[in-house]
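Kindly generate the complete structure, drawing on both the sequences and the hints.
If you want the building blocks of each chain, they are given just below.
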Amino acid sequence: MEIVVLLKQVPATESYIGIADDGVSIKTDDIKWVINPYDEYAVEEALRIKEAHGGTVTILSVGPQKATETIRTALAMGADQGILVNDPTIATRDGLSIARILAAVLKSIPFDLIIAGQRAIDDDNFLVGTAVAELLGIPNISLIIKEDIADGKIKCHRTIEGGTVVIESPLPALITTQRGLNEPRYASLPGIMKAKKKPLDVKTIMDIELDRAQETASVTRIVALKLPSERKGGRIIQGDSARAKAAELVRLLREEAKVL
Amino acid sequence: MSQGVLVISELSDRVFRKVTFEAMSEGRRIADHMKGNLATVVIGSGIETVANELKKYGADKIILVDDPTLSEYMTDSYTNVLADIITKEKPDVLILGASAQGKDLSARLSARLNAPLAMDGVAIRVDNESLIVTRPLYGGKILADVRLEGKPQIIAIRPNSMSITECENAGLMKSWDPVVGKTDLRFIEKQVETGKVELTEADVVVSGGRGMGSNNFSILEELAGLLKGAVGASRSAVDEGWRPHSDQVGQTGKVVSPGLYFACGISGAIQHLAGMSTSKIIVAINKDPDAPIFSKADYGIVGDLFELVPLISEEIRKIKQ
Ligand SMILES: Cc1cc2nc3c(=O)[nH]c(=O)nc-3n(C[C@H](O)[C@H](O)[C@H](O)COP(=O)(O)OP(=O)(O)OC[C@H]3O[C@@H](n4cnc5c(N)ncnc54)[C@H](O)[C@@H]3O)c2cc1C
Ligand SMILES: Nc1ncnc2c1ncn2[C@@H]1O[C@H](COP(=O)(O)O)[C@@H](O)[C@H]1O
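Residue numbers (the working numbering), protein chains in the order written: chain B, 1 to 260; chain X, 1 to 321.
If you're looking for bench data, these hints aren't it; they were derived computationally from the structure. Where hints are given, some of them may not hold.
If we take Cβ atoms under 10 Å as the criterion, some of the chain B residues that face chain X in the derived model are [what the hints assert, rightly or not]: (1) V10; (2) P37; (3) V128; (4) V132; (5) N140; (6) E161; (7) K226; (8) L227; (9) G234; (10) L260.
Here are the computed lysine-lysine pairs in the DSS-like style, where the Cα-Cα straight-line distance is at most 27 Å [stated by the list, open to error]: (11) X:K190 <-> B:K153; (12) X:K182 <-> B:K153; (13) X:K254 <-> B:K258; (14) B:K107 <-> B:K153; (15) B:K155 <-> X:K228; (16) X:K254 <-> B:K146; (17) X:K254 <-> B:K226; (18) X:K88 <-> B:K232; (19) B:K50 <-> B:K107; (20) B:K146 <-> X:K196; (21) B:K155 <-> X:K254; (22) B:K32 <-> X:K18; (23) X:K35 <-> X:K18; (24) B:K146 <-> X:K190; (25) X:K182 <-> X:K88; (26) B:K107 <-> X:K182; (27) B:K258 <-> X:K228; (28) B:K50 <-> B:K194; (29) B:K146 <-> X:K182; (30) B:K66 <-> B:K203; (31) X:K18 <-> B:K258; (32) X:K287 <-> B:K258.
Cβ-to-Cβ under 7 Å is the rule here; a few derived chain B residues that face chain X [stated by the list, open to error]: (33) I121; (34) D122; (35) N125; (36) L135; (37) V166; (38) E168; (39) L171; (40) Q214.
No experiment lies behind these values; they were computed from the predicted model shown. We put the beta carbon where it would ideally sit given N, CA and C, even for glycine.
What follows is the structure in structure tokens.
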């Protein structure tokens, strides 16, 4: 089983995000970079499938040179090899453009299963995995919490509003992860040592053949970034007793906030 | 004249999702701005009667795709059918709800049609021929205005973030022969909890955190029930195994924008705020006066949630009588 995990390096969830002077990108000086949490589930699931069915796990990422650090982390978890498409301009690309690069690389390597995160927690796009599947002409099942592979098919539990759907797809296919799928392992010390020697192929964006006409025909362009209006800490409700506080809250919700 | 706006409606058990009405209302507004039509596609099986409902939201035309093979949403069949409709109808703008289905479908259509997509839009404004969509990034720490260059401009709107406006219109029904094409996916089964209010669409969300201390969430369920709301949870409560993953609110869970959000026994970590800070009114109940959640809440009560929540339910019951 040849498994490819699409992995993006993103700012850690606790990072402060500030707007850069150009007004359309973020300040990157003080950011701690990590594997996108949903891609961690993807790496873990790939390793479990490999453990059960054999095969290799390849990590594929588009990003700046420092994204090799997160690829190494995935290799330390147990993945076999990595590919980085080094693109210093990644921050200016929209999801579809990233998907085109990933699909172009995937066309040149073998795969039976591709696993992506449901979304990257930086652009929150929910797009790249599904778009890659479309560009490769393979089926996708998104937001999965369980999968079983047998006889060249994958059966997945996909989460939907208020429940789950069970869907089966022939391989090759692409799936995207949902929290609940697994608990990602930590990289062990021996794992970290071994990862240093695992193959990590760094390509440049020049190595990728992209269709210029397609690239310019569809662009989702950031024209301005702004900070959401700061929520003002509100009122702490006072009262002589818990009952008095509860009554005052309900009165305020009804008369002032008008939400009851 | 502009080809106008096409809304892809969404049914769950032959009932429209609320976000469909939000998409229709927004679609009508944009179509008027662009002096174009508002059409909508209703897709499923045995849905002709329910489709009529969309006249109320200003549809000029309702494209009815009623076929037994389309009774369940499957990425491939729905993408094939819709791509065919879009290629023939040539809308300038395509709007759908950013539900589990809408996210999957819009991403697939964007790649198939090589069309720009704004996912999880919370506001849309018309700027000459193109649209500027506001969408949250970095778990809502930043808002981006994005311009969609190309056609059709696809916008998947975040549930509960745009208002619903009724406006009766012709709603000419047109049956469409679906081009289902090649499909690989096979539907096996579906389990949905009926009667449960969906977290992302609820007007009221009552969430509990580690302060709940156990899997007994009955006082929150009671309060949510009174307000026809849904129960949510912090990641800690989910990690403890007290609530299912599907209840988790936050950066690695669901993003909710209800009119009223109760955070009970939740400290207010940044990852939790990422999932609920766009709620209109936030109420925090926490026994620690220094809990960070109080700095984001419109109303806070310092105290024991086990004492306070039942009293709040009691007071609400009084005014509902
Ligand atoms: C990558 C990553 C992703 C994450 N994603 C999410 C996410 O999606 N959603 C999320 O919620 N978290 C997420 N977290 C976790 C987050 O950082 C916090 O750990 C978590 O939100 C804390 O949950 P809590 O507020 O329930 O628990 P705590 O922080 O332990 O707070 C419990 C609160 O309950 C109060 N309390 C206790 N007893 C009572 C009582 N009887 N009455 C009233 N108050 C009481 C306490 O004073 C305290 O403030 C994520 C973390 C990481 C690193
Ligand atoms: N630059 C990238 N390199 C590799 N994979 C990516 C990249 N961007 C997105 N992905 C994959 O696509 C998923 C969804 O990302 P997004 O559509 O940006 O929210 C992520 O969880 C990754 O699996």
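Would the hint on B:L260 stand, with a C-beta cut-off of 10 Å toward chain X? At 7 Å from the nearest chain X Cβ, B:L260 passes the 10 Å test, so the hint holds.
B:P37 as an interface hint toward chain X, with CB separation required under 10 Å: holds, 5 Å
Hey, does the B:G234 contact hint survive, CB to chain X under 10 Å? This interface hint holds because 4 Å falls under the 10 Å limit.
Assess, step by step, whether the Cα of X:K254 is no farther than 27 Å from the Cα of B:K226, and give holds or violated. holds, 23 Å
Regarding the hint that B:I121 lies at the interface with chain X, is the smallest CB-CB distance below 7 Å? Hint holds; B:I121 Cβ to chain X Cβ min 6 Å, cut 7 Å.
Are B:K107 and X:K182 close enough, with their CA atoms no more than 27 Å apart? holds, 21 Å
Given hint B:L135 near chain X, where the shortest CB pair must fall under 7 Å: holds, 5 Å
Taking 27 Å as the top limit, are the C-alpha atoms of X:K254 and B:K146 close enough? holds, 18 Å
Is the shortest C-beta separation between B:E161 and chain X less than 10 Å? holds, 4 Å
If you take the shortest Cβ to Cβ gap from B:L227 to chain X, is it below 10 Å? holds, 7 Å
For a C-alpha distance cap of 27 Å, please report whether B:K32 and X:K18 respect it. violated, 39 Å
Hinted pair, alpha-carbon criterion (27 Å max): B:K107, B:K153. Please report holds or violated. Cα-Cα ~21 Å, so holds.
Comparing the model with each numbered hint stated earlier shows that hints 15, 18, 22, 39 do not hold.
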